[in-house]
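Chain by chain, the residues:
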Amino acid sequence: MKLINRRNALKIGGAAAALPLIGTPIFAQKAKVKAAFVLIGTPDDNGWNYAHDRGRLEMIEAIGADKVETTVVTNVAEGPDSERVFRELAQQGHDIIFGTSFGYGDSMLKVAKQFPDVKFEWATGYKTAPNLSIYNARFHEGRAVIGTIAGMMSETGIGAYIGSFPIPEVVMGINAFHLAARKKNPDFITKVVYVDSWFDPAKEADAARALIDQGVDIITQHTDGPAALQVAEERGIIGGFGQGADMSAFAPNAHLTAIIDIWSPYYIKAVQSVLDGTWKSGSSWEGLAGGEVVIGPYNEKIPSEVVAAAEAVKEGIINGSYHPFAGPITDNKGKLRVEEGDIIDDVEFWSVDWYAQGVEA
Amino acid sequence: MNIDLTIAIIITMVGASTPLLLAALGELVVEKSGVLNLGVEGMMLTGAVVGFAVAYSSSNAWLGILAAAFAGAAVSMIFAFLTLTLSANQVATGLALTIFGAGFSSLFGQPYTGKPIEIFGSIFPPFLRDHPILRVFFDYSPLVYFSLIMVFIVWWFLYKTRAGLILRAVGENDISAHSIGYSVITIRYGAVGFGGMMAGIGGACFPLILTPQWVEGLTGGRGWIALALLVFSAWKPARLFLGAYLFGLIATMEVYAKAAGGIFKILPSELWASLPYLATIIVLVIFSLRHKASSSAPACLGKPFIATN
Numbered sequence: 013m014k015l016i017n018r019r020n021a022l023k024i025g026g027a028a029a030a031l032p033l034i035g036t037p038i039f040a041q042k043a044k045v046k047a048a049f050v051l052i053g054t055p056d057d058n059g060w061n062y063a064h065d066r067g068r069l070e071m072i073e074a075i076g077a078d079k080v081e082t083t084v085v086t087n088v089a090e091g092p093d094s095e096r097v098f099r100e101l102a103q104q105g106h107d108i109i110f111g112t113s114f115g116y117g118d119s120m121l122k123v124a125k126q127f128p129d130v131k132f133e134w135a136t137g138y139k140t141a142p143n144l145s146i147y148n149a150r151f152h153e154g155r156a157v158i159g160t161i162a163g164m165m166s167e168t169g170i171g172a173y174i175g176s177f178p179i180p181e182v183v184m185g186i187n188a189f190h191l192a193a194r195k196k197n198p199d200f201i202t203k204v205v206y207v208d209s210w211f212d213p214a215k216e217a218d219a220a221r222a223l224i225d226q227g228v229d230i231i232t233q234h235t236d237g238p239a240a241l242q243v244a245e246e247r248g249i250i251g252g253f254g255q256g257a258d259m260s261a262f263a264p265n266a267h268l269t270a271i272i273d274i275w276s277p278y279y280i281k282a283v284q285s286v287l288d289g290t291w292k293s294g295s296s297w298e299g300l301a302g303g304e305v306v307i308g309p310y311n312e313k314i315p316s317e318v319v320a321a322a323e324a325v326k327e328g329i330i331n332g333s334y335h336p337f338a339g340p341i342t343d344n345k346g347k348l349r350v351e352e353g354d355i356i357d358d359v360e361f362w363s364v365d366w367y368a369q370g371v372e373a
Numbered sequence: 056m057n058i059d060l061t062i063a064i065i066i067t068m069v070g071a072s073t074p075l076l077l078a079a080l081g082e083l084v085v086e087k088s089g090v091l092n093l094g095v096e097g098m099m100l101t102g103a104v105v106g107f108a109v110a111y112s113s114s115n116a117w118l119g120i121l122a123a124a125f126a127g128a129a130v131s132m133i134f135a136f137l138t139l140t141l142s143a144n145q146v147a148t149g150l151a152l153t154i155f156g157a158g159f160s161s162l163f164g165q166p167y168t169g170k171p172i173e174i175f176g177s178i179f180p181p182f183l184r185d186h187p188i189l190r191v192f193f194d195y196s197p198l199v200y201f202s203l204i205m206v207f208i209v210w211w212f213l214y215k216t217r218a219g220l221i222l223r224a225v226g227e228n229d230i231s232a233h234s235i236g237y238s239v240i241t242i243r244y245g246a247v248g249f250g251g252m253m254a255g256i257g258g259a260c261f262p263l264i265l266t267p268q269w270v271e272g273l274t275g276g277r278g279w280i281a282l283a284l285l286v287f288s289a290w291k292p293a294r295l296f297l298g299a300y301l302f303g304l305i306a307t308m309e310v311y312a313k314a315a316g317g318i319f320k321i322l323p324s325e326l327w328a329s330l331p332y333l334a335t336i337i338v339l340v341i342f343s344l345r346h347k348a349s350s351s352a353p354a355c356l357g358k359p360f361i362a363t364n
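Protein chains in written order, with the working numbering: chain A, 13 to 373; chain B, 56 to 364.
Here chain B stands alone, though its shape is the one from the complex (with noise of 0.2 angstroms):
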């Protein structure tokens, strides 16, 4: 294999690894609390549909992702307050988010379907972006080095601060942190926010970097892939970054091989679609012969705190 291939491999490889990463670094946070919201595609699909049309309406790039952020942050607030304060059901209330999520993007989109906008690309200078080899670091969107940077972050916050400890301890008991004073609901809710912001700014990279135009259902399901991305990782931020890279590894292999044709044919497309959800139980199962019963995810995750007194 060539190297100018390679390079172009891992740009498109990159590209497609983002959206997962920063959707799947909101979910930790907010798994890490407690909380299982399954509601990331929907929060995507409003950060998506949003985010283009800041970005249409005003030609900036930039407001476009604050919008997303913002809007990502508010429609999980919807989702806090049903399972937070009114302790409704996660699971299902994350299902419902989902479907809002898809609803209100594709009424909220319609305006905005088949209008073009500029793609949000490479800041770098030409003789950086462009240089055949160099451009492996430098072609990108700023929002990958983001997402680089927030992987750091939330790894720093969860496990070298005070508040992440504290975080922490909500997530895998509850009970004890509101024993010792914290307020369990409060911290939650910041979690699910943060979740929000970052599954919206996700959801942003594909009208904005991927595929610069707005069209119902863009994000195609890969909310989904980010939520089996925290059980592939078992909640640890650097295997997060992995499993989001090599997701987006297999997916960027399936169309290069298809395009390459010949040897590469061999395995059916249908198997490609599917190697993230294989690679996710082969690792359940590995863990779970490993650690024996005890799992690796946060004690207290999807079940509703009620204070006592």
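Excised from the complex, chain A in its bound form (with noise of 0.2 angstroms):
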């Protein structure tokens, strides 16, 4: 593999630039496949940039080094700076390109239209194009299962949520935690606290303090530091969990699991497909059964009987007898929003703008 900055993706894109394109037939197979990831940050931040790079290797490990060719473009701005590198991508001859944000999706969108012959591939985007596919995996699934262990562990029956910025994937991880852990105990109460950032380490400190400090004693994230975590050693409540990757060295006895995001499966199933020339424009979006989201190891101090029930709501959800949206829902107005027996389905899902009964936001 290559990794490359981008003033070097400049240099050589200018260079290819030169070059004509030539087209690639539809459903050729081909020998070796070249794929580029786009990351908004470097594989070390030990979170969501790290999660990538190692579904890319393992991909690669899986595939064979003789069989693909990575690209890496670290540090990459959302807007118009990412519109370069990705033209500059396409025209070094990448035959499959993957941008790991959200905010890259103009830029691709764009970018797809002009190389109809490269394959792109957004994660956690929203539209698709013929040859442009998003991936995104079920974050929520796992926000079920640490929910069911923060009912069952929770001494206070109080939790903490604190997020990064009210959007849909946020409130219905909230929704999710929160309704596993109120079937576990009817009363559970989560405060919610945005701290206005995806990435403000003292903030969320002073955050998870104030919340200790109000008789919060399992405390969980969507930002992706440890900082929270931290706290929570520090203060020596009952815990808290993982966020993208395992942070149990930030906090030994804190750390009660991790949510964990797996992306190998999904990038060894779309190199593939270019290989053998059956890749489709789609739409991904797996999660605990697709093996895309997984629960690290359960911290020692967790009885045997809570890891079980969590257990049984992570097979629950894998088999399909357990949905994390299964009705009656009511809102933390009073408002009847799911009717028994329904479920918020994936398209209501990024509609959702109210919270479960008993969240405190």
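The set of hints was computed from the structure by calculation and includes no laboratory data. Glycine residues also receive a C-beta, built at the ideal position from the N, C-alpha and C atoms. One thing to keep in mind: the hints can contain errors.
[Stated by the list, open to error] Derived contacts from chain A toward chain B, CB cut-off under 8 angstroms, selection only:
hint, residue
1, V205
2, D208
3, K215
4, A239
5, A261
6, N265
7, W366
8, G370
[Claimed, not checked] Derived list of chain B stretches under chain A, where covered just means 3 residues or more per stretch with a C-beta under 8 angstroms from a C-beta of chain A:
hint, segment
9, 144-155
10, 185-192
11, 322-334
[What the hints assert, rightly or not] Derived DEER-like restraints, expressed as beta-carbon distance ranges:
hint, chain 1, residue 1, chain 2, residue 2, range
12, B, I133, A, T140, 45 to 55 angstroms
13, B, F201, A, I355, 49 to 59 angstroms
14, B, F201, A, K313, 44 to 54 angstroms
15, A, N331, B, G316, 32 to 42 angstroms
16, B, V340, A, V359, 47 to 57 angstroms
17, A, N87, B, F201, 29 to 39 angstroms
18, A, E95, B, Y332, 29 to 39 angstroms
Build the complex from these two chains, which are given one at a time in their own frames, with help from the hints.
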């Protein structure tokens, strides 16, 4: 693999621009695939980018280094800057390009139109094109599992959720966590604090302090770092959960388990389909069943019946007998939102702007 | 509101205020000498990453703080050389220093991302730091007490010593100070170096006492709040101290109010986040009404000094 930075990408791109563009016939098998990964940060962030890069490495291992060659471009800002990077990667003859951030969408859609023979893959995207697929993971399924643990282990009956911004994915993560906790403790309360940033560790830590000082003994977060977990460790509360990756190194006692993102199954499938010539534009949204969301090792201090209950929820989601958003669901203003026997489906998911009963947001 | 929660809020507030206070005290001396260094955020980031790296490698937080002070001072010397020796534009150079600090800390910090360290907390015996009431005085990192002592030292230096008088003279009227034989440039080098040192220590508060880890952009823009604080305080040490604690209180109340819910949710979180800046603007308006046109800023602030003979 080559690790190139933006400036090198420009140079190589400039040279490659001089080459004529040769179209690849549809459904042709390929001997070797050139895949590119565009990251918003660096793979050593211990979170989002790390997970994508690990997915890439596992994909190379599964497919074989003789059949796939990868390029990684790190620290690419969302917006106009990324458009240049995607165009250059396409010009360099990459067969498939993965853009691993939500904000790359506009640039990818634009460049995909100009390079109809190059396959584009937009992580957490919402719009497809004939040569642009979207892929995401059902993080909320993992939240239902940790919510089960929180509901059973919390002594004060108050859990906390430190959020970034109130976008549907975060709102539904909160609801999944809370609804699962309420199944185990009908009076469970989830206090939500938004820190208005994907990334401000000092503020996340202060939010964790504020929540713990007000009776919270289980904390979870939808921001990428371990700041809240460290406060949980320092204060000696029951615990918290890793987000994106196992964060037990930061909080050996407080780290109960983690929701881990595994992208390799998707990357293997996507690259293999390019090799086979069967790649199709589509939308992938796998979770626990597809192995894209994995629950990390359980902390030894979790009682065995709690582990069993968490595993039961996990198995239930995998075999379809447990739905994180099964009715009846009443919102926190008392309105019945989901009828008994009904669920929130994958389309409705993206338009939920309310919290379940017992969420203090 | 019960006493435990009040004490908890005070302790969190002190933590949030300390890096602001340290960085702003340093910048106060810089600006009193007539130099405007907008690179506080860059120097804080440099101090944060170097402080973490040294504390992590040596398992000694004190060494980390020393290294952070040194690193902050070292990058401030780049600024000093460009603006004082070469008379470059201070605003542009200061902004460049912030960008440099962000880039340098990200590069230098890469091997340290995701590494945990021990928090540099209170060094008082447990019966004091864990006492339900007395912990309001004793449950702090030594850096907190250092910042409070520095408020006094900076005030004493600026207003009670001859050296401080000369420094202020350089900031108010560099040509007069030069004409009676003081080396304007040398004094300003010293002030900028002190400012860098304090910003470095302020930055080190983040990975050592607030959230014991290194990640890119850890200081989260608080260098800019430190700069706003100077204007807010009208360049007066006592008011700077009160301002830093007020800004820290605002930041703390934001998260405590959100966690409490209910009536406290009335203020939208964006408003909470902008309160320090709003307060600064309000203070500016009040000052300009009261003092008419005359400003409380040092008269030579931001102007390059070129010795004529």
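Status of each hint after checking the structure:
1. Because the closest C-beta pair between V205(A) and chain B is about 4 angstroms apart, less than 8 angstroms, the hint holds.
2. The beta carbon of D208(A) is positioned within 8 angstroms of a beta carbon in chain B (closest approach about 5 angstroms), and the interface hint is therefore held.
3. At its closest, the beta carbon of K215(A) sits 7 angstroms from a beta carbon of chain B; the interface hint therefore holds under the 8 angstroms criterion.
4. Proximity of A239(A) to chain B holds as hinted, the smallest CB-CB distance being about 4 angstroms (cut-off 8 angstroms).
5. Because the smallest distance between the Cβ of A261(A) and any Cβ of chain B comes to about 5 angstroms, under 8 angstroms, the interface hint for this residue holds.
6. For the restraint placing N265(A) at the interface with chain B, the shortest Cβ-Cβ distance is roughly 12 angstroms, beyond the 8 angstroms limit, so the hint is violated.
7. Hint on W366(A) is violated. Least Cβ distance to chain B is approximately 15 angstroms, over the 8 angstroms limit.
8. Below 8 angstroms, beta-carbon pairs count as interface contacts, and G370(A) has none with chain B, the closest being about 12 angstroms; its hint is therefore violated.
9. Coverage of a stretch by a chain is defined here by at least three residues with a beta carbon nearer than 8 angstroms to that chain's beta carbons; for the segment 144-155 of chain B and chain A the count is 0, and the condition is violated.
10. Judged by the Cβ-Cβ criterion of 8 angstroms, the segment 185-192 of chain B is not covered by chain A as claimed, because only 0 of its residues qualify and three are needed.
11. Residues of the segment 322-334 of chain B with a Cβ under 8 angstroms from some Cβ of chain A number 3, which satisfies the need for three, so the listed coverage holds.
12. The hint said 45 to 55 angstroms for the Cβ distance between I133(B) and T140(A), and at roughly 49 angstroms that hint holds.
13. Taken as a hint, the range 49 to 59 angstroms holds for the pair F201(B) and I355(A), whose Cβ atoms sit roughly 57 angstroms apart.
14. Between F201(B) and K313(A), the C-beta spacing of about 37 angstroms breaks the proposed range 44 to 54 angstroms.
15. At about 37 angstroms, the CB distance of N331(A) to G316(B) agrees with the hint of 32 to 42 angstroms.
16. Distance hint check for V340(B) and V359(A): the Cβ-Cβ separation is about 51 angstroms, which falls inside the suggested range of 47 to 57 angstroms.
17. Between N87(A) and F201(B) the C-beta distance comes to about 35 angstroms, which sits within the given range of 29 to 39 angstroms.
18. For the pair E95(A) and Y332(B), the supplied restraint of 29 to 39 angstroms holds, since their beta-carbon distance comes to about 33 angstroms.
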